[in-house]
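2 protein chains.
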Amino acid sequence: MPKDDTDKLFQSTMNHKLDRLLDRMKCNSTRFLGYPCNQNFDYSQLFEFLNYSINNVGDPFLPTSFGLNTHDIECEVINEFATLCQDTRKLTWGYVTNGGTEGNMYGFYLARELYPQGMVYYSEDTHYSVAKILRLLKSRSIMIKSQSNGEIDYDDLYETIKIHRDSPPIIIANIGTTMKGAVDDLQQINRILTELALPDHYIHADAALSGMILPFVDEPQPFGFDAGIDSISISGHKMIGSPIPCGIVLAKKANVERIARSIEYIGTLDTTLSGSRNGLSPLFLWSAINQIKRAGFIKIISHCLKVADYAISAFKKIGVSAWRNKNSNTVIFPRPSDELISQWQLAVHNDIAHIITMPHVEEAFIDTFISDYQRDTSNADSKKGVA
Amino acid sequence: MPKDDTDKLFQSTMNHKLDRLLDRMKCNSTRFLGYPCNQNFDYSQLFEFLNYSINNVGDPFLPTSFGLNTHDIECEVINEFATLCQDTRKLTWGYVTNGGTEGNMYGFYLARELYPQGMVYYSEDTHYSVAKILRLLKSRSIMIKSQSNGEIDYDDLYETIKIHRDSPPIIIANIGTTMKGAVDDLQQINRILTELALPDHYIHADAALSGMILPFVDEPQPFGFDAGIDSISISGHKMIGSPIPCGIVLAKKANVERIARSIEYIGTLDTTLSGSRNGLSPLFLWSAINQIKRAGFIKIISHCLKVADYAISAFKKIGVSAWRNKNSNTVIFPRPSDELISQWQLAVHNDIAHIITMPHVEEAFIDTFISDYQRDTSNADSKKGVA
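So the protein sequences, as listed, match chains A and B. Reminder that position 163 of the first sequence reads as 163 in this note's numbering, one-by-one numbering, no gaps. Reminder that position 149 of the second sequence reads as 149 in this note's numbering, one-by-one numbering, no gaps.
No lab work stands behind these hints, which were simulated from the structure alone. You can take every hint at face value.
It does not matter which identical chain is meant; a pair holds if it fits inside one copy or across any two.
List time: in silico EDC-like cross-link candidates among lysine to aspartate or glutamate, alpha-carbon distance up to 20 Å:
| # | residue 1 | residue 2 |
| --- | --- | --- |
| 1 | 293 | 4 |
| 2 | 138 | 113 |
| 3 | 293 | 7 |
| 4 | 316 | 362 |
| 5 | 326 | 151 |
Values in this document were obtained by computation on a predicted structure and should not be read as measured data.
Isolated chain A, as found in the complex:
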């Protein structure tokens, strides 16, 4: 076959493969209930930026000789999130990360540098990446029991810190746990630290999903800098939605500067964990924030919580007990068959499963799911009957 024909054949095979992949995306996105990723977004206005090798290398607030960056846009995004996190005294610094792992790693890295002898406390319901990060950082840590709703067990936390009072406590507060959307109570955590006379402590908030819920509800649980946190990680691809997983991390400037100084000593002032960083995620977040605005997010969150309640009622109608935590769009119910889990891309843990009513989830979506769930459980029951 002449070379041109081989090339054409090859190109056509490649196109065919891409078409099938796109079909799979279309199909999978219509049955996307188990993970907290909003599928409702349209960034097509920004696609032209994908023709450039944009790189937000290093600290967004410092000048760089790499001109192809969106640092100014990134700074606007960071300032917006600082406001959402009640940084009323403009005491924080931050950057747009590649996602939750980087945001949490940054928080724990800062904490470890401030308190090298610190002991990290995190609940059983903490995201699995935290254990990986602590191992990477060689941080000493203790897992604390959770309550049945997913919140940290404050009695266990109190008793455990009490027998390690010689080590400054570094506490991860889950602002919306992964499986149950539970919010750890910062007032209780602060009470424990005060009662045990531990002014040297660090609180990092993992607010992956709920960091973009609580600022827009009527009665939010405390979660921001006004509630005593030292750093916070919030995902961008969850409630806002993005084709690239991303997030923001915010930390107190004074702490960051201590780390930055150390890095300067070893020859650089790069204050971000990743050196090269993509300049598109800040652009997507900026455009979403500016188009949706506060009023829009209030509507979106209210819709999500309404659909979550609708799902709980629908479960009740078929005799299944489902529930959610306050201000959470994560609905927990008994684990179905592996077939249904795969079909609806559900996240599961032991005997429970959840759906998360993100903005793309409408009531009709729930109806189809509940009907599949009912069929699934009756099948399982009849199989048990046969056995």
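Start from chain A and add chain B according to the hints.
For chain B alone, kept in the frame of chain A given last:
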């Protein structure tokens, strides 16, 4: 003003801002000489994938319940790079990273887990992110002197390892240093390890740029698994080009499995550093690799090296001594004024600067730059004359 009008005004302000940003990108990309990011790419065929919240969460080679992924494409990319890195016995595993920092961090993390008492050796010319990573990992380390061409000083390496023979050596081999494009000689490094009878050792190759050069030249320096490395990090946004910084990391399966097991013990099998990972970078790399193919890369690399030689000749014509290392497209010359550095986005270090003749750099591009450089240095000379 009615709400609709406010919205329109706001939208128009936003559009105006985006237009100006895009103009800046266009303008900056025409004077982009100092960083190793290829500006020649066109992924517009893939833009439709940006309408989905794709997430390559966790290990690309394992199934996941998150259906919106491009894991199969990612595995093809990894296998392709494994072949380029002479993994003839299919002994490696890998994934697409967010860039060099993550790739190097993964390599050093594996090394530390294998040899907790290991000592890391890295040359003065090593990328600045390595010191940050070693600090994060709490790894013991010693900086080794460099030769004037940027290669590690083998005598200093030998003598330093010799006095620490009780600690397994973990060595970073620079396959193309950041400032001078120098390649550390793996044969020399292996000779030192043999002479000092140190069978327990680990070599991580930082091949950010040259990992995509050496497989396509006639007389490559050794750099792959056949030359004794244990892991390697190669950037995707450098020679291949990508709007999202990315890279690949490859490591020996047997070592990865040791870490994976530990993570399984703590409740998860996620073998990647970042949990959520974007599914677009693998798609971009896959499409470039399949369209350009081996023959295409041979042509591109040959072009880059030819333009580098052209630049050296052009410098010579204006009486400036410039040079490059073997198989490197990094051209080193005396540092110009800060104004020129900023104008051409040059990377500098002490009294040297470099340009990197990436695929988008043509001879005419060099001509304009050399003429600016000549004007810049004569200005500096005349200022000195006045002073």
